[in-house]
Amino acid sequence: RGAAVVLACRDLGKGKDAAARISARVPQATVSTVRLDLGSLASIREAAGELRASHDRLDLLINNAGLMMTPHERTEDGFELQLGTNHLGHFALTGLLLDRMLEVPGSRVVTVSSNYHRLGRIDFGDLQSERRYRRSGAYAQSKLANLLFTYEPQDRLARAGAATAALAAHPGTSRTALTRNLPVVMRLGAALAPYQGSAMGAVPTLRAATDPEARGGEYYGSAGLHEMRGPARRVQSSVRSHDTGVARQLWQVSARLTGGSYPV
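Here my numbering is used: the first residue of the sequence shown is 24, the next is one more, and so on.
Derived lysine to aspartate or glutamate pairs resembling EDC-like cross-links, with alpha carbons at most 20 Å apart:
#1 Lys37 x Glu69
#2 Lys39 x Glu73
#3 Lys39 x Glu69
#4 Lys37 x Glu73
Derived from the structure by calculation, the hints contain no laboratory data.
Work out the full structure: start from the sequences and follow the hints.
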């Protein structure tokens, strides 16, 4: 469709392989790569610097990096791995790139959440799971954070009169490598689940990013039973995801932890 697409990947070799496969299928595509590890603030700053140097404007930023139910680990900067990668990394990256978007008509930040956000709570008393770690609870918290980090910036962008909108999406139940860290019992259950392919799982994100009728603050997911599979449509997120007090507090804590600042 004429977009210049940058694949920001932790594994640059895999990123370049993906770019080569895209170019083989769509020879006219403009696709490039940049190394980005969302678990490292240094890598985020370096990648943002490269993107800023090569692009005066950005139309779309899709925050898609994700880890799911990993063993208890920490990022390079000492954050709990899932929260650090799935939320704090995206928070830091978006803050470093947003000024390249604010004046671009139709520009959008799309953050990918999960149905699992419905089980999440933001535990400010133990945000980094230092006292107790439950891999499913940490994942759910990070996915709820993704939605709070859609609605709070959308409010800020709208009040500032910015051209940019913030939206969210989830991929339904899609068969990808994301499930590789699931416990054995959960993997057995996943093998029997009605998973859809990764291409269908990407459609809600594409709709949030490109549908001319989509608006800031909207959330897109699969249209089927329990939003597990099927065509993309607008869906509703949990009551907790719309808690403005929690969203503001999470924003403040995220800014302090990452050292990030925002132009809105």
